[in-house]
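Residue numbers (the numbering used here), protein chains in the order written: chain A, 1 to 161; chain B, 1 to 161.
Bear in mind the hints are in silico, worked out from the structure with no lab data behind them.
There's no promise every hint is true.
Straight-line distance between alpha carbons at most 20 Å, and here's what the computed PhoX-like set of lysine-lysine pairs gives [stated by the list, open to error]:
hint : chain 1 : residue 1 : chain 2 : residue 2
1    : A       : Lys88     : A       : Lys67
2    : B       : Lys147    : A       : Lys147
3    : B       : Lys147    : A       : Lys153
4    : B       : Lys88     : B       : Lys67
5    : A       : Lys147    : B       : Lys153
Sample of chain A residues at the chain B side, in silico, Cβ under 8 Å [said to hold, decoys possible]:
hint : residue
6    : Glu17
7    : Cys30
8    : Leu42
9    : Leu134
10   : Lys142
11   : Asp150
12   : Arg151
13   : Ala154
14   : Ile159
No residue lacks a Cβ here, since even glycine has one placed at the ideal position from N, Cα and C.
2 protein chains.
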Amino acid sequence: MPTSTTVRPSNDARSDEHEALRVWLRLLTCTNLVEAQLRTRLRTNFDSTLPRFDLMAQLDRHPEGLKMSELSRLLMVTGGNVTGLTDKLADEGLVERRDDPRDRRSFTVMLTPAGQRQFDRMAREHGQWVVGLLAGLDHAEKQRMLKLLDRLKAHLSTISD
Amino acid sequence: MPTSTTVRPSNDARSDEHEALRVWLRLLTCTNLVEAQLRTRLRTNFDSTLPRFDLMAQLDRHPEGLKMSELSRLLMVTGGNVTGLTDKLADEGLVERRDDPRDRRSFTVMLTPAGQRQFDRMAREHGQWVVGLLAGLDHAEKQRMLKLLDRLKAHLSTISD
DNA sequence: CAAAAATACTTTACTCATGAATTAATTCGA
DNA sequence: TCGAATTAATTCATGAGTAAAGTATTTTTG
Chain A
1 MPTSTTVRPS NDARSDEHEA LRVWLRLLTC TNLVEAQLRT RLRTNFDSTL PRFDLMAQLD
61 RHPEGLKMSE LSRLLMVTGG NVTGLTDKLA DEGLVERRDD PRDRRSFTVM LTPAGQRQFD
121 RMAREHGQWV VGLLAGLDHA EKQRMLKLLD RLKAHLSTIS D
Chain B
1 MPTSTTVRPS NDARSDEHEA LRVWLRLLTC TNLVEAQLRT RLRTNFDSTL PRFDLMAQLD
61 RHPEGLKMSE LSRLLMVTGG NVTGLTDKLA DEGLVERRDD PRDRRSFTVM LTPAGQRQFD
121 RMAREHGQWV VGLLAGLDHA EKQRMLKLLD RLKAHLSTIS D
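Using the sequences plus the hints, can you model the full thing?
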């Protein structure tokens, strides 16, 4: 008793599962390969890491500064993690914790001038790396991929938890 | 001096970069969302983790057992990591290191009967989770996605390093 | 065949992530 | 307004992950 409403012949649960697993595995593999490349290059070219780059990127996008809690939300990581990353970046003089005069519990985190300079250099390279890594897809394919990923993301957002 | 060979109007480096970054960000977001769901469910339903599941899945796929180095290659993680995961799974009696009679440097790692039983239960649920998480795409869309990811993976493989 | 190179795995030190508990400051409500 | 609840950030314990150095064994080669 097939439940399919299409003409596709074999639409049982097992083949659905197999198909979904194949897509998921490819997705994971591609993401990991790209991420590994970016990590390696950030390390060898700038002696930095992806989490640091991401944190600095958020600060670059918000020149007025961000609170720790805002960084946590934007980076989708826990507060304890942001504390650790910020500590190290501050030690290296790349970011600065500035007291918030309105609320003595919180800080405003900003890039220092040195941090801004370093980020600018990294961002320039990073963008070109991503172009190169995704060069396996032409313009039309990238657009198709974007559309599919948007649909997937929309579905996933309904699940959250 | 445009380098484009197509009729697409704005084909400068900046828009290429922007497009590539958009695709990469979506790819990363979707992967992270799926991964987070799988992690959470593995933890709450089986008190286990994704790395453990992945390791056991490889052993399930290779009932004759695998060497540590083969696990490292298949899981795409370092040897030290495999040592740690295997140690803990062995402590819990889910996998077993068996001496290789041909080479005293190496082991054959296998699922124990208890490990096999636990994996079977996890795999059944895991498959259904993935089906549900990817249900945002219909059959045709999954096929399109698979094709695009295959092209991307092929390109990435030429880069490796 | 002995020395050198390669291989298989472990160990160590470090980064990054989480969740739970803690501290301090602010806000809210009876 | 005072006590309770909330919020902002940190600390601590734990789990993966890496890279690099270490140990033991096997293989290669001169």
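Hint by hint, here is what the structure shows:
1. A:Lys88 / A:Lys67: Holds, at roughly 16 Å.
2. B:Lys147 / A:Lys147: At roughly 14 Å apart (the allowed maximum being 20 Å), Lys147 of chain A and Lys147 of chain B satisfy the hint.
3. B:Lys147 / A:Lys153: At roughly 19 Å apart (the allowed maximum being 20 Å), Lys153 of chain A and Lys147 of chain B satisfy the hint.
4. B:Lys88 / B:Lys67: With Cα atoms ~16 Å apart, Lys88 of chain B and Lys67 of chain B stay inside 20 Å; holds.
5. A:Lys147 / B:Lys153: holds, 19 Å
6. Glu17: holds, 4 Å
7. Cys30: holds, 5 Å
8. Leu42: For Leu42 of chain A, the interface hint is violated, since the closest Cβ of chain B sits about 14 Å away, which is over 8 Å.
9. Leu134: Since the shortest Cβ distance to chain B is 5 Å, the answer is holds.
10. Lys142: Cβ of Lys142 of chain A sits 5 Å from chain B, so the hint holds.
11. Asp150: Given a least distance of 7 Å, the restraint on Asp150 of chain A holds.
12. Arg151: holds, 5 Å
13. Ala154: Holds. Min distance 6 Å.
14. Ile159: holds, 7 Å
Hint 8 alone, counting from the list given before, is not met by this structure.
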